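Q: Line by line, the protein sequences are chains A and B.
Per my numbering, the first sequence runs over residues 1468 to 1636.
Per my numbering, the second sequence runs over residues 1468 to 1636.
A hint or two may mislead.
[Unchecked claim] Simulated restraints on C-beta separations: (1) 1505(A) / 1530(B): 51 to 59 Å; (2) 1562(A) / 1605(B): 41 to 49 Å; (3) 1468(A) / 1514(B): 39 to 47 Å; (4) 1591(A) / 1598(B): 35 to 43 Å; (5) 1492(A) / 1583(B): 26 to 34 Å; (6) 1523(A) / 1526(B): 42 to 50 Å; (7) 1605(B) / 1510(A): 48 to 56 Å; (8) 1504(A) / 1513(B): 41 to 49 Å; (9) 1613(B) / 1510(A): 23 to 31 Å.
Source of the hints: derived by calculation from the structure; they are not laboratory data.
On a predicted model such as this, the values are computed, not experimentally measured, just so you know.
All C-beta atoms, glycine included, are put in the ideal place defined by N, C-alpha and C.
Chain by chain, the residues:
Number of protein chains: 2
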Amino acid sequence: MSRIAVIITDYFEDSEYTEPARAFAAAGHEIVHVGTEAGKTVNGKKENTPVVIDVAVSDASGDDYDALLIPGGFSPDILRGDEAPVKFARHFMEAGKPVFAICHGPQLLISADALRGRKATGYKSITVDMKNAGADFSDEEVVTDGNLVTSRHPGDLPAFIRSAMQLIQ
Amino acid sequence: MSRIAVIITDYFEDSEYTEPARAFAAAGHEIVHVGTEAGKTVNGKKENTPVVIDVAVSDASGDDYDALLIPGGFSPDILRGDEAPVKFARHFMEAGKPVFAICHGPQLLISADALRGRKATGYKSITVDMKNAGADFSDEEVVTDGNLVTSRHPGDLPAFIRSAMQLIQ
Chain A
1468 MSRIAVIITD YFEDSEYTEP ARAFAAAGHE IVHVGTEAGK TVNGKKENTP
1518 VVIDVAVSDA SGDDYDALLI PGGFSPDILR GDEAPVKFAR HFMEAGKPVF
1568 AICHGPQLLI SADALRGRKA TGYKSITVDM KNAGADFSDE EVVTDGNLVT
1618 SRHPGDLPAF IRSAMQLIQ
Chain B
1468 MSRIAVIITD YFEDSEYTEP ARAFAAAGHE IVHVGTEAGK TVNGKKENTP
1518 VVIDVAVSDA SGDDYDALLI PGGFSPDILR GDEAPVKFAR HFMEAGKPVF
1568 AICHGPQLLI SADALRGRKA TGYKSITVDM KNAGADFSDE EVVTDGNLVT
1618 SRHPGDLPAF IRSAMQLIQ
């Protein structure tokens, strides 16, 4: 079973957290919510879904986790305004551990300069940023490139979850 | 007096609309709110400030306006998910008309591929995207490069408004 970090803050796209987290938990994996402040409740953009942060990203070590989920919405853009979440995400990419990023999730990977030469997809508004960051962008429901699984939007969640599950044990 | 288009949608950073708009109107300029749908009310991110859209961007012609204001928040990222707002912003940059972009406002200019070789600033989270899009980025309260005035965040509003006012008559 894997220990999966979810890096998340306010304005996340609700279903892009709830659906993968539910599927991972149902398969027996452990979910740890990593955010700005331990004990703080953050909320989704559309349905206000509450998520309690388990570990502050400034105290978190990537070594303690097997995989990383980056839900979309405006959460990734808020997170990447600070260095700690960017450094945390970079650990997984450099270590070759599974990283699952959907919608605006790849923004955190752009800031980590971790998309150069990587096959990926993402939300339509950030396509230009992903390409400018060196990603080999495809407009597909899911793109898997080694450790990296990316999708465009909530409509892609079934394919995203299916592909993610293939990378964790 | 100038006719200034404000391109805006939901989740805009309230003060980055209200303060420049108030200053422009007080100086006798006309403000026209351009957005996704004419007659629709959009709301700010923090204070829920209501703004009624005067003209749908799909019906708007850049030729009808002398300058463009792009308030920040998450509004610019939502707008650039469609082609019409990107094309509208591109008109002002190509025509050399004054463009005032603050915080996340430059995201619309990235999608218009209008920052290449231009001196500019913007919100910290999009610094990497602006640099990758070819901007000559500076971490300053306001950067003026020809027709383009950019600032980083609400704290820069006095300098932003002062510099913008110098470009409109």
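Q: Confirm or reject each hint.
A: Here is how each hint holds up against the structure:
A beta carbon spacing of about 54 Å between residue 1505(A) and residue 1530(B) agrees with the range 51 to 59 Å that was offered as a hint. Between residue 1562(A) and residue 1605(B) the beta carbons are some 34 Å apart, a value that contradicts the proposed interval 41 to 49 Å. At about 45 Å, the beta-carbon gap between residue 1468(A) and residue 1514(B) stays in the expected band of 39 to 47 Å. With their beta carbons about 22 Å apart, residue 1591(A) and residue 1598(B) fall outside the hinted range of 35 to 43 Å.
Look at residue 1492(A) against residue 1583(B): about 46 Å separates their beta carbons, and that is not inside 26 to 34 Å. Here the CB-CB span from residue 1523(A) to residue 1526(B) is close to 48 Å, well matched to the stated 42 to 50 Å. For the pair residue 1605(B) and residue 1510(A), the beta carbons lie near 35 Å from each other, so the given range of 48 to 56 Å is not met. Roughly 19 Å separates the CB atoms of residue 1504(A) and residue 1513(B), a value that falls outside the hinted 41 to 49 Å.
A hinted range of 23 to 31 Å is violated for the C-beta pair residue 1613(B) and residue 1510(A), which are about 42 Å apart.
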